Amino acid sequence: MIDLIFNMLMIFLLITAFFMVFTKDILTSVITLPIFGAILVVIFVILQAPGPAIAEAVIASGLTTFFFVITINKTEYEQNE
Amino acid sequence: MNRINVISKKLYKIGLVVSLAIFLLFIFYDIHNLESNSKRYLSDHYISEGVQETGAINIVTSVLYDYRAFDTLGEATVLLTAAAILSFLVPITKDKMRGTPFTIIVSQTTQVFIPFLAILGMYLIFFGHLAPGGGFVGGVVIALIPILLTITYRVEFSEYKFKPDKKKVSEDIGAIGFVLIGLLGILTGSNFLANGQANVSLGDAGELISAGLIPYLNIMIGIKVGAGLAIIFNSLIKEK
Amino acid sequence: MQISYIAVIILFCLGIYTIISNKNIIKMVMGFTILESSLILLLILISYTPGGTAPILDRQYEIVVDPIPQALALTTIVIGGSVTAVMLAVTIKLYKRYRTLNVDKLRKLRG
Amino acid sequence: MEAAVWVIILPLLTAFFIGISKVYVKKIFVPLVISSAIIYLYLLILVINNSYPPNVYSVGAWRLIGINLMVDPFSGLFLLIIALLFLPVIIFSVKYIKSYKHEYFIFTYIMTAGIAGMVLTADLFNLYVFLEVSSLSSCALVALKKTNKGLEGAYKYLVMSTLGSFFILLATILTYYLTGTLNIAEISLEFNEIPFKIKSALMAFFVFGYVLKIGLIPLHFWLPDTYEDSPIPYNVLSSGLVMKSAVYALIKVLYIIFGIDFLDKSGLLQIGVFWGVITFIVAHLLAFQQSNLSRLLAYSSIAQIAYIMIGLFVGTEGGLIGGNFHILNHAIMKGTLFLVTAIFYYSLSAVNIEDIKGLAYKFPILSFTFVVASLAIVGLPPFNGFISKWLIVEAALESGFVYAAFFILVGTFLSLTYYLKVIITLYTKNDKEIVVEEPGLSLSLPTIFLGSLCIVFGVVPSLPLRLINKIPTFLLDNGEYIRVLLGG
Amino acid sequence: MITPGFLYFIGAILLLFPVYEKLKYMLSFLVTVAAIIITLHLIPGYSVQLDFLTFTLVPFKVDNINKLTGLIFAVGGLAAVIYSISMCSLSHLRLIFVFIGSALTAVFSGDLFTLYVAWELMTISSSFLIIMTSDVTKKTGYYYFLMHVAGGLSLLWGIFLQYSATGNFSLNNIEVGIPFFMIAIAIKLAFVGFHTWLPLAYSKAPFYVAVILSIYTTKVGVYVMSRLLSGINSLAYAGLISALFGIAMSLKQKRVLKLLCYSIIIQVGFMIIGISIGTTEGITGAIFHLVNHILYKTVLFMVVGVVIYTTGKDSFENLGIMGRKLPITSIATFVAFMGIAGVPFFNGYMSKSIIKEAIQDPILTLGLNVMSFGTCIIFLKFIYYAFFKNSDRKVDKKPPVSMQLGIGFLTVLMLLVGIHPFFLENLTNMHVDLHYFDKKHLLSGIQPFLWSIPIFILFKKYIVKNYERFLYFDIYLNMAKLFMTTGYHLSNYHDGKLNKYLLWATSTLIILLLLFMF
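Protein chains in written order, with the working numbering: chain W, 1 to 81; chain A, 1001 to 1240; chain P, 2001 to 2111; chain V, 3001 to 3488; chain D, 4001 to 4518.
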């Protein structure tokens, strides 16, 4: 059972990654980033790594997404105006 | 002609990446076929002796703050460098995040959230040697407080509450504190960043006050990371 | 679990592809994030032992997963986050100066 | 051997204290910086003196299960370079740097700490961490002036160095997976049982990652960009230490972990020498085209690094001695050149070769220093560059790389073409009245000190060679290194 | 024992300190005279050993040949320094001292390493001498420096081959590196094909620099050739060709300095022939010829220098001031002319006779006679303009005493050697069994000179005419152009596009993986 979930998660991970890379709109791909991170967190927890999971959740998918959003906010939106 | 050029360039890129993938596949396959499971001397030692040697239940923490604490010093330095880079890249003029202002619900919720975040961060830091978490994660959670303030009430308010200079100083103090705690080891006649060897009483494993110097190192890292990430975030926001 | 190694490879190559083929700076930084994630995933994968428990030894366990890669993963996450932050800050600065996010238009330095 | 760990901690502590002093006690800034640099020099001399026989300092007293610092002659050489360059550069920068002074010193100290860490550590992952420390802080220094070019250079540098770091990290992780340890000596022992193919793949990743930071052609493109609009005293450290530390890490990884026999068998030595030859020929050709002085010197750095790589990849005792001596010499020579350039920039903001026309008559001594250093870097006797190039060529000939030896001489000729161009411009009389801000003694003294070393090491090469002669035994026979590190 | 070359280096270092004008004169006089005295008292067979890196060097080794060469170098140094001291600045004087010192070191070096170091030091100092004089000479200096460094590197490569084959640096048994030594020496000697730097450098540089360069640069080449390449018979023909080329070129020249330059090539041809015969007699003749050549060619350069100093130009017309207004200069010119023409009882005669005696090959004897004849014709042109053609040039200023002192000193020496040829032999114990003043030698010596006078008078209007056209083809410039364009194209590839760069990087990675894994 856990194997099946794990494999599904992996496939989801890849799908989100591909989506992130190949979408045209940058905002969409940035919003996909925390989803990607969240899936990674779940995978880490399944793999018995709670410490890295928390760190990943907080830093990689949390703060980094914030940073990306701010960056887009400072760049692309101005271009549209 | 131009179109063919573009396509061939793209194909070339894909070819490169695919061949890299094939190489990696080969390598991973070869590695997988080896009998590599037996080679865990180091981690076996950590698992079997780690609790006695360091007094920390969370072996990851004991690796991070004791066995390989020097790595953590380097890592903290990287974070400090990043914070310093961002703080010097921002201009003096201030800018805010664009977009619609938030409703009252958001600001109220933020106020409610802040004590929770503080407690959660404290917990993660202080129980770093007992449970998952540790200085880094706790520091990030604490850094969320000024970040939330920034998002909801703009930079000015956040910086009024937490002065940028003070944040920088506390970041430096965190880093210096880490080094100073490490130097305790030298003072007691052992090596830099020594813990158990330096005659620090480790206490009973599983207690809050245990694991020698690890909790203090955790606190220092927590201060440093919290301040550093807050600086990074505010700098990004202020960047005009 | 074998599939996960393949996922690591795919993620790694996807990151490389993003970096070398995308002209948008933010996308490039994103490529680095993916690259970093794939390496962290690799670290966690090699730490895992079937049937093991997390390395928090409040009592005696039969099999415990390898704690070292997890510690390394934590370090990598923090370093990666810092580098990403710096990259994005430089990106914003570059955008303010050049008014573009296209890498190929950053061409003051040549020759 | 407490001093070994202090070599890493002291610059870090100084950097943190500078951060505090920026906010609260502004007055102690200059004394803090200078006194710390002087104490650091003392520490370095202490450590270098104790580098033979090599000794191990175990951080946290964990011995083999923790991180170890190892001081051997090879790392002693790099500490010597730090000792020679650091204090002059710091004294120089106190007056030279006008904006973002605190940040400059914070990053410089952190960078130095990172390099010292890379040089001393005997742990693979620790190496990666300190590599990241040094490259991130040097990236900050590139962007320090916040000009368009500076930021662009910083971005390119960041992208390339991060890419390189990830490959190094990948190789490190796989190494851990294969061997179950991160201690270099233990990895080296375990590596005897790893199949050839996996080892070569790991080696390819290591080589790619580090060479991205070293900048052999065609991985060199970011390097001149980082030099063009960065604070010039930083360029001294960059070409003298940052690039070299990557060379150090690569050589250490290759020679200690993989071992010379494997390098020979896998063909890396042949490839490395060939790569070096291509690199310096192309770099010399490109350097001739440059009009910006910093850029010219950057391309020249690439070429010199290629000479070093040839020396180190020849794989004999003579080659290692020659290559290591050239590392030291290049740091000194390039340091002198950059410092003179910095004074020109300071006095009349001259960056292009055209701008320095006629300056020889304004600064006779400095121009003479420039001439000495450039002739040394070209490799003419009786300066230090000649001795090390001689040793490299001799080693290449002895081990059968006749073409490499021959092309090094051709490269010498090519490098003369552009250095002579600069010198002649320097000595061409300029009718324009030049408004010059006089460089004080604190700017010219470090420059002249480094320039005089070019002559001293050329006439008395036995001075540094006493240290360098001990290096090959540690690299060619990794058993010695392993024995010391394992404490057996 | 302090070596003469080292003495000069010390002099250069002493000159670094800010000195008064008088002190400068004193110091340079002391150093140069001391160098002569020391060289005179050297004992053949003496040598110094020095451990450097892993090899044992012999930086100082005396024998008969290099004692004589060193002596004439020291004498030339004295004359040249006296001659030029009133004109050149302190920095120039320093460079001149380094230059002379390194030339002397090269002559007395006992191994290849020291030789190479001194050789390159000569290149460096002389190039900077040219570069730093004026803005006109910058390009010349660049060209000169590159040519000579190319030669030096060729020597270095020869040394490396030699060292890896034999394992030592001794000067004696040279076998492996011969082609590269040949190129190195050919560049130093201004051999035809490698000669392009010589007329450029000597005619563009100020006359006192040209005097100093003419004493040492090519002569060191000759000396080193006598050490490394003696006895390669085929080189004699090459020397002949080079000399004939020199005659052809120097007849065309319009400027006196250029004429003297090409005349150097002719004279070096004599020495090459002497050396490549390989017998003791031939080499001794060549070295004697080197001594004589330094004497008269230096005087000629000095004389032209006086002309330039007084009138400002070195065209043939300006030589006309000589007869009336500059008595010492005129006498010196006449003596030097007789010497270079090989007239008996003047100094050139002696060494030419020895070389002629040593030659066995009839073609070479004929060639030698042709060369003497050509030299006479060239210098008759010189003499014609100096003394016989009426000129209306006026003397602007008188040459300083020091210049005339230098010329006078060398003229006296020339007369001494000419009248008493055994003087040189006795000085160095190199005895050639030759009766200089018997009928056969006198006859063969004076013949080319006598022939040349009627021919000059007959064909005067062709010879005296100034050919505007200047045959000058330089293959090295084309090579430089190739170098430039290649660099330009390579530089164009670096267009600042990060994606492209990253693509290069990834390709490199794949190539590396391919190379290592298969």
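Simulated from the structure, these hints should not be mistaken for lab results. Model, not experiment: these values are computed from the prediction. Among these hints, one or two may not hold up.
Quick partial rundown of chain V residues pointing at chain A, CB under 10 Å, derived from the structure [to be verified]:
#1 W3062
#2 N3183
#3 G3358
#4 K3362
#5 P3364
Ideal Cβ positions, reconstructed from N, Cα and C, are used throughout, including at glycine.
Now the hints, each set against the structure:
A cut of 10 Å between beta carbons decides the hint on W3062/V: the least distance to chain A is about 6 Å, and the hint holds. Satisfaction of the interface hint for N3183/V is found here, the shortest Cβ-Cβ separation to chain A being roughly 8 Å, below the 10 Å cut-off. Among the interface hints, the one on G3358/V is violated; its C-beta lies about 37 Å from the nearest C-beta in chain A, farther than the 10 Å criterion. With a least beta-carbon distance of about 34 Å to chain A, the hint placing K3362/V at the interface is violated under the 10 Å criterion.
The criterion of a C-beta within 10 Å of any C-beta in chain A is not met by P3364/V, whose closest approach is roughly 38 Å, and the hint is violated.
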